[in-house]
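Chemist: As given, the protein sequences belong to chains A and B, one line each in that order.
Once you know that position 84 of the first sequence is 83 in numbering that gives the first Met the number 0, the rest is easy, because the numbers rise by one and skip nothing.
Once you know that position 59 of the second sequence is 58 in numbering that gives the first Met the number 0, the rest is easy, because the numbers rise by one and skip nothing.
No lab work stands behind these hints: they were computed from the structure.
Just to be clear, a hint being listed does not mean it is correct.
With a straight-line Cα cutoff of 27 Å, these simulated DSS-like cross-link-like pairs (lysine-lysine) come out [unchecked claim]: (1) A:Lys346 - A:Lys361; (2) A:Lys201 - B:Lys158; (3) B:Lys43 - A:Lys351; (4) A:Lys346 - B:Lys43; (5) B:Lys43 - A:Lys702; (6) A:Lys201 - B:Lys43.
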Amino acid sequence: MSKEERVKLVRTACPAHCGIDACGILAHVKGDRIVKLEPAEFPDERDKRICLRGLTSLDITYHPNRIKYPMKRVGKRGEGKFERISWEKAYEIIVKNFREISEKYGWKSIGWVLGGPGAGTTKFGAYLRLASLTQSTRVSAWGYGDAGLPCGSRVILGHQFPYIHLHGEFWQRKYPELLMVWATNPAESMPLQNMRKFMDAKEIGTQVIVVDPRFTVTASKADEYIGLYPGTDSALALGIMNIIFQNDLYDKEFILDHTNGAYLVRIDTGKMLRGKDFNAKREDAYVIWHEKSNSHQTVSRTNVKEANLTGNYTIEGIECKPALQLLIELASEYTPERTAEITGVDKDLIIKLAKRIGNSKKVVFLTHMGFTRTYHGDISLRGVISVAAITGNITTSVSSGYIPAALNWNPFLKAIPDKPSFHRIGILNLYDAVISGKPYPIKALWFAFINFLNQCANANKIIKEFYPKLDFIVQTELFMTPSARYADLILPVCSFFEFSDFMAQPYPNIQLQQKVIEPLYESKSDLEISIELSKKLGISHPMDGATDDDILRLISSRRSDIPDYDVMKQDGVLKIKMEAPVVSFKEQIEDPENNPFPTLSGKIEIFCEHLEEMQNPLIPPIPKYMGHPESYDAPLAAKYPLQLLTTHYKTRAHSIWHNVPWMREVDPHAVWINTSDAKERGVQDGDLVDVYNDRGRIRIPAKVTERIMPGVVNVSEGAWYDPDDQGVDHGGCANVLTNDDHSPGGAVHLNSSLVQVELAPPR
Amino acid sequence: MSQMGFYFDQTRCTGCYTCAVACKDWHDLPAGSVNWMRVQAIEKGTFPNVFVAYLILPCCHCENPPCVKVCPADAILKRESDGIVLVDQEKCVGQDECGGPCLKACPWDAPQFDQVDNAKMQKCNFCHERLENGQQTICVEACPMYALDAGPLKDLQAKYGDITEAEGYKYSEKFKPSLTFKPKHWDKGD
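Bound-form chain A, shown alone (with noise of 0.2 Å):
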């Protein structure tokens, strides 16, 4: 009993970047140590959640290789050879290495680049800040992993995230008649937010199909599999509408009301016909084919009715067609020979699943970033869309319950009002910024919060031509990753136990990742490291000296929805109360008078005017399914046969976690390659393989399985980077394959090279 009075509770939660899981945690504290941790209770018990990961977190607190002190490079860049430095010393190098580097090429060659926001508020506030104040680059990590949906999704849909927004009512545990999960794994990479709920919305009948190159635990949990090759989803999605619209199983209504289907688009030009084209009184209105009057019409944007959607029509002279007449066309070419063909499944499935699509009232597509990130990512998740389009499912599947409650960072934004802010570049063009110097020369780097080495594509150019270029390597960091190796200077931060913070997650509740612990060691919190290093570089500002709490109650005070700062602080959780559901583009379907939706027509656009405006036949205005140099028909295929998938893994959230045994021991990581493939490669299951291509080499064990496809081999990503004295990664990270190009519509490809397995050689 004297045991249970010595322990004392405290409610925080885990920010790791599980996409958007983030669980309540109740830690056991003794003394001045957390002894146990327990899931934490939530407003509603159902969002009362837990995983392996958040689970083991203080094994990443108290890990005995934790960086205790600031620390300063004596080797070679990567060579791991360090001393011991103060504090003091550590800022007396960053401040005499900022300025040499300012005064000679600018703040701007200054770049911060930061980890994913789901990593918190304060820290990732803390360099936005300065970053500001100095006028120096933020290099924005959103859009490497996910650069094809905001590419894919704003050009049809307006809005850039749609992972937060497919999601659709099933957040808000709606769930619908029929569950397309595409190309998503929620069983492993987002276990609570997604997961339990396909499990709750399977038990009371919501049919569940997944759409996937490997056989996944969520694909286990589903009435229906579909096997596809990787980076082939967008000519699924255009058998899957060949089907419907040759059965009539499309929503015409829908079409007309809220997509630009209708609108004509001129066969000579491949533009959107305009009333100017034919002196017409609205000159920039569109046109559509009247079906009654059997005339054409210019129209406003929420008068089309009675327009045609098919057929082929002369105006003045000018040859035209519906936009959806367009798509149907480009459908019909995907018979379900050719679709079977190209993606690797069976012809009667398209045919039933396409029917099963068309034929449901409800069907909510479910999707992240899986296929975003492969080579035309972009045009695969417009493919998807349009599904949803032609059958009505977009207030189904296009809202949310995502509110990005407290992710406000205007606190630090605004840092000198009146003044530019800083620079930014998004992390696909720092590459070219450090090598090349273009758009302009980058030549310090601050990681936080970020392995860049092990976690962004081709890490052998990253070693090679990267790092060289840069004058001086800041990183903050629990520990010696393999990008810490590379810098200068590594400066050691708190783990999430150590600092205070808030977490915008589980919709809908706001949690208070609370400070349980004193920092340990020498390690600072990165809100306090900035706050300090802003007065050693003489920059002064009214939040100087602001503590992790000061900036949680400033932000609280500007929110209308969090009443006491004080009381949420207490209870560790506040759940948001909300007159109705947030459901997006609620507004747009119900009343479209008044709420176009964010596009240039202010419908969702089936054919894109934007990406026909740019002339670029590899970003066509429909989406249309394109190989590229490393599908699995390019000629590298015939060197490098096997396509690389490098998905999210249940023990690792990212590149976190990777150091911990426990997590080490339950499922180690390995390629898993398919029987067939193995067995010609005389390879067996657990046999020590190479995994290989031009841009690098892994050693790692083979999981010889029949889920995953023939042809398809998988590296999880997260696994840490540790080369041989030959540059062979005995470690498995996967990055040291990924080309670190990007696809022409911007999607990072992540998921689409191209590699080669054999036995590794006897050691």
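Given the structure of chain A, go ahead and fit chain B onto it with the hints provided.
Modeler: Only chain B this time, still in chain A's reference frame:
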């Protein structure tokens, strides 16, 4: 006596290992060979017609536990009050000494030995200390998928039914393990 037992919903389990990790965390078990809760993956078929299921394996706290009978040191005890099977580490003479007949007798390999000299037997103790505090076992508490429950076996059977077998798990009429299942089976047909 009210025999305690587990319920396992094989249709919901995603093989995430959270139960196994929660167990290790709560009972301070280091990484290594000792696992009071184990998770087994079962994979069958040929792509794309594949079947995957997971099975959890704690101690089944049998009604007639074979381990109790074979222990030469009488170190394994079945509690009268709730049927939980516990090992007295003070009494256990160690695996090198006795050869570990408890492990040989258990069809489910529940007895666990660390890889050290003369390791003493340890296994799932049904979180009896948590139960005494009115809490659930840590594996049930942690399961993200609500695939697990624990409590008096009669109550579990009343709530979930009394199916005694699941994919990968065979019931023993002789030992009467205290588990009830919602099994997942492979429906190969369309």
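Chemist: Give a verdict on every hint.
Modeler: Hints, one by one, checked against the model:
1. A:Lys346 - A:Lys361: holds (24 Å)
2. A:Lys201 - B:Lys158: holds (20 Å)
3. B:Lys43 - A:Lys351: holds (25 Å)
4. A:Lys346 - B:Lys43: The hint holds at about 24 Å.
5. B:Lys43 - A:Lys702: holds (14 Å)
6. A:Lys201 - B:Lys43: holds (22 Å)
In this structure, none of the earlier numbered hints is contradicted; all agree with it.
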